[in-house]
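> Working from the sequences, and respecting the hints, build out all of it.
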Amino acid sequence: MSEAAAAQSPARLGNLFALILAVCGPSNPKQLWESYKESLTEDILRNARRQNPG
Numbered sequence: 001m002s003e004a005a006a007a008q009s010p011a012r013l014g015n016l017f018a019l020i021l022a023v024c025g026p027s028n029p030k031q032l033w034e035s036y037k038e039s040l041t042e043d044i045l046r047n048a049r050r051q052n053p054g
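Each residue of the sequence shown is one higher than the last, beginning at 1 in my numbering.
Where hints are given, some of them may not hold.
Said to hold, decoys possible - Across the chosen pairs, the derived CB separations fall in these ranges:
id : residue 1 : residue 2 : range
1  : S9        : P29       : 17 to 27 Å
2  : R49       : C24       : 31 to 41 Å
3  : C24       : N52       : 35 to 45 Å
4  : M1        : I44       : 35 to 45 Å
5  : C24       : G54       : 40 to 50 Å
6  : S27       : R49       : 29 to 39 Å
Source of the hints: derived by calculation from the structure; they are not laboratory data. Ideal placement from N, C-alpha and C gives every residue a C-beta, glycine not left out.
Encoded structure:
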């Protein structure tokens with residue numbers, strides 16, 4: 001996941017995150033989310049700031 005966070009778009013990273021949750025069943029999904037939430041939501045935050053400047 002860390003390699004993907006550095007190289008992939010947030011949308012592709014989100015797809016990987018969903019796949020990991022669905023297929024791999026990580027022992028601590030909340031910790032996985034907390035570790036990568038900034039990378040996963042980067043595009044959403046950028047779009048929100050662009051639509052609501054100031």
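> Hint by hint, which ones does this structure get wrong, listed from lowest number up?
Violated hint: only 4; rest satisfied.
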